[in-house]
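Input sequences plus hints: build the corresponding full structure.
Protein chains in written order, with my numbering: chain A, 43 to 264; chain B, 618 to 966; chain C, 2 to 558.
No lab work stands behind these hints, which were simulated from the structure alone.
Any given hint could be a false lead.
[What the hints assert, rightly or not] Listed next, the in silico BS3-like pairs over lysine-lysine satisfying Cα-Cα at most 27 Å (straight line):
{"id": "1", "chain 1": "C", "residue 1": "36", "chain 2": "A", "residue 2": "60"}
{"id": "2", "chain 1": "B", "residue 1": "685", "chain 2": "C", "residue 2": "208"}
{"id": "3", "chain 1": "A", "residue 1": "60", "chain 2": "C", "residue 2": "128"}
{"id": "4", "chain 1": "B", "residue 1": "685", "chain 2": "C", "residue 2": "356"}
[As the list claims (entries may be wrong)] Simulated restraints, written as ranges between beta carbons of each label pair:
{"id": "5", "chain 1": "C", "residue 1": "243", "chain 2": "A", "residue 2": "172", "range": "50 to 60 Å"}
{"id": "6", "chain 1": "C", "residue 1": "205", "chain 2": "B", "residue 2": "667", "range": "26 to 36 Å"}
{"id": "7", "chain 1": "C", "residue 1": "128", "chain 2": "A", "residue 2": "106", "range": "26 to 36 Å"}
Values in this document were obtained by computation on a predicted structure and should not be read as measured data.
Think of the CB as a built atom: it goes at the ideal place given N, C-alpha and C, for glycine as much as any other residue.
Each chain is listed here by its residues.
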Amino acid sequence: MQSSSAVAGTAGAPPLPKLAHHFASLEVQNHAARLGMWLFLATEILLFAGLFVIYACYRFMFPEAFAEASRQLDLTMGTINTLVLITSSFTAAMAVHYAKEAKNKQVVVMFVLTILMAMGFLVIKYFEYAHKIHEGQLPGPHYTYPGIQLPGVAMYFTIYFLSTGLHAFHVIVGMIVLAWVTLKAMRNEFSYRNYTAVELGSMYWHLVDLVWIFLFPMLYLI
Amino acid sequence: MNELMNNILFLPERASTFAERVDNLHYFVIAVTMLSSLAVGTTAVYFFFRYRRRTPNQATEYVVPSVKTEFLFVSLPLVFFLTWFVIGFRDFVWVSTPPKDAMDVYVMGKQWMWKFSYPEGPNGVNVLHVPANRPVRLLITSRDVLHSFFVPSFRIKMDAVPGRYTQTWFEATKPGTYQILCTEYCGLSHSKMLGEVVVLSAEQWDAWVKEQRQGYLANRQDALADVSLVPHTARMAEQGQKVAAEVGCFKCHTVNGEPHIGPTFLGLYGKQETLQDGVSLRVDEAYITQSMMDPGAHLTAGFPNVMPTFQGKLTGPQTAAIVEYIKTLRTPDIRTGASSQGPVYEPIQ
Amino acid sequence: MSPSSSIAAEPGAVPVPDEHHDHHPNYLVDGTTLKSWLLTLDHKRIGVMYLIWVLLFFFIGGIYALIVRLELLTPGPTIIDAMTYNRAFTMHGVVMIFLFMIPAIPGAFGNFMLPLMLGAKDVAFPKLNLLSLYLLLTGAFIAIWGMINGGMDTGWTFYTPYSTHTTTTVAPILFGAFIIGFSSIATGLNFIVTTHTMRAPGITWFKMPLFVWAMYATACIQVLATPVLGLVLLLVVGEHLFHFGIFDPALGGDPVLFQHLFWFYSHPAVYIMVLPSFGVMSEVVATFSRKNIFGYRAVAFSSLGIAFVGFFAWGHHMFVSGQSTFNAGVFAVLTMLVGVFTAIKVFNWVGTVYKGAVDFKTPFAYFCGFLYFTVFGGMTGVAFATASLDVPWHDTYFVVAHFHFIMVGATIMAFMASLHYWFPKMFGKMYHEGWGLVSAALIILGFNATFIPQFLLGNAGMPRRYYEYPERFQALNVASTAGASLLAFGFLISAIYLTHALVFGRRAASNPWRSRGYEWMTESPPPTHNFVGPQPTYPEEPHFYVDPKKAEVPDAV
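Structural data, given as structure tokens:
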């Protein structure tokens, strides 16, 4: 992504971002970067939309099994995860705020908090998965949980693992992206003239959070 | 006229009521297509000549279409397309809605053959017998992967989906033999998954049905489009009958349902039998074979232990052939013993 | 380089930029190391590299096609066995669609022309552009590796449950397609942002060349539809390897759900393949009729209309899959709308020639073929959409003929037209016009001879993907194979004289067609950054051929 790449500056005023030769002005460059990121987020939404459609179809075909299976999920852990992600979105948004004000140290703090919360999310997910593996609530032919004897229950867990797995993958990618932006903030690169990378990274993180906000009710609440 | 159109367009003969509807819409669409393309093409070619370039840097007029012109460009095709949609959709609904008095036939696609069965009648492989001028509903499913049941002369087609039933119907208009082709790629021998629909006139149909009901083995519809696809058992069963007669099975076992010295063969295979020691088991190939080799081991309740062993007297293939023969001796009502989970289909509204 | 004085002398022409090209080498010679090409950020070099690779993939797909057609010469086995044949038609589809048709016009010509047409110096994200090329190549190599290791036999549509149970090499080929999907998304994203943010001052939306409108609509489809295919590919690969059971009835899954998800992408995908060709044709017909396009806004909006309505028509691939009649009705009528948008374009293209000044050069010859194939391919599409006609035709050779009419007849004619139209722009050389017309004639004739028999085969009831067929279909099959040989010969001839022109061709003028399209307002080949100094201004709309001394122009529709 052609985001503005600033020259690494020393302590003091953050440097001017480099304007790529093919853009008419810095403003156009930043606008292009944002538009590009919005389009990319649209593709991610469509990717997950497919999984939601699959869930809807099978829920329609096996309503009792899905309702019963969803009750097997640990609602406490799921709620904690939701709160954790929402808070991490808040810290990511704060990072953008601080970047505009050239407070690069706070940007680092905010993003580090975001990454830590993401790690917490993954740890909780790990416990949830471990429990399911222990119970035999696994996808497809590996399903051995005897607790529910309804047709279609294995399908629920298949969809559960696929959606949360794909989401967790995006969480990890998001963490890597934010870590990279954090490194740039450590080099004091951001100011009101140049905070595009922070904004874009934060936008991606908001998407990751948004997907979970839809996944959580779909899997845990209904 | 229709003959001419059919020949130009390479359409197969029309042998169903749906075929007429399809072909009529086809002629309509093709006529309009040819005429309009001719009009557009002629106009274009005329323009190419009339407006050819005369000097290298020739300037041209800036032409802007009026709203009326663009409206015409939109509305003319739209009118035709919507007309065709109305006709086509009406016909599509018609072919998706079987009439109330349609006769049911179950079709099962399986790699790489078609199996047919009637609710109260015989089974068949690759050949479907139907009466002319009577609506027939097909309830289609698949045993393994997707297939599609297509009869060009009837112009009907419906996918065979594993795990559910799909339905379509047709009314054949003239007796004859019409080819069935599988139209959904299903693996290695997809192109060999051919079959036949044999349409019989009313009298021929009655005669055939009577024949089917009389005796099972002698009159099985074993006519097959491709003999190499026949499961070997069909001929094994005949052989088994011969061997059974030769070694004297019929001295103690009947084939008409009456218990004699031993249990009857009719309906034996698949039956839930109670043994002398109280155990209940399902009669399968293993049990029948064991009964021939070691009759006293698991004796059916209510019968004396007088059956001789045939170990050493029957070869392996002969034993298997007898098993296959016994398997063909089913009661007229094929639903007996079938699981309560019958096919899932909607009764005709 | 020859001077562009001919343009300057024309009434109403755009004046040539002041700086002399001697100090600004053209993009082909600016950097001659391999690294300067492999790591280039210049959209023009990336476009040329795309062109080379997609032509190679077209050749591979064509070899598979010839293998299929040779096998079909006799009703029984001819040159290969059944499993090889099943793999051959599958690979023909996979290579042609994913490795050629989807990337070809956007990757090669979209990349090259879009910035030039917008007065921009490059696309919005040049590094992403290079990445999308390498994603295409990575995915292609993985898929080709899969092909060499046996190839899959499911048909390019890889319907479940067969595709999840077959023992052929499904995983690498589908995973390769997955990677290529990212290339497609990246290209689309780049083009959308470029169109929104990088137009030169004065180029408003309704002053953009129609090729840009077409590419924009294509890019929207690429960005929105491809992720769903990505998901489906992942799920099928996963199911093949780990047996999840999402689409397998034996494990509770639904094979028809697969079809819905698959066609949700694959139907808009056909518009990814055909919309760019519509854009090219708008440019070609305007240039070679030396006239403004008839109904500019109608053509521009119809591109968007096709892209939009195309998302809601996927169910017409599933009329006989056991879906409800309500379903069928909705999808049938929406498909008709797409047909209307295409009809608008056809009428407007013919209307462009009215009062024009036609110069019948090779690109225009391809336009003629394109027009004829679009009309018939499109009308047969509408015929399918009536639902009742689809019942006997579905999955027969009628479908094969229909989509080849559009994909080869319309899109590849447009690809050939682009190649010839923009050859002097991209390479500064000119090909031999006589040979151009000869090969156009051979290709158009060969195409008809190949695919008209296939319409008739479909009418007669021959299903697709048949290795052996009943004898009565043989005559038409032989005719089709003969046509295919002629078609291949036509392509071979163009390959020869175009390669010859590349090496030995005479130097072309900057604007040999005397076109007023915006991309012709630079030198040919253009300098590395397209424009020296700030972005140019174009006082008139593209393809404005009016004599300025004449009366003033009425407002455009």
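Hints, one by one, checked against the model:
no.	hint	verdict
1	C/36 to A/60	24 Å, holds
2	B/685 to C/208	23 Å, holds
3	A/60 to C/128	15 Å, holds
4	B/685 to C/356	19 Å, holds
5	C/243 to A/172: 50 to 60 Å	19 Å, violated
6	C/205 to B/667: 26 to 36 Å	34 Å, holds
7	C/128 to A/106: 26 to 36 Å	52 Å, violated
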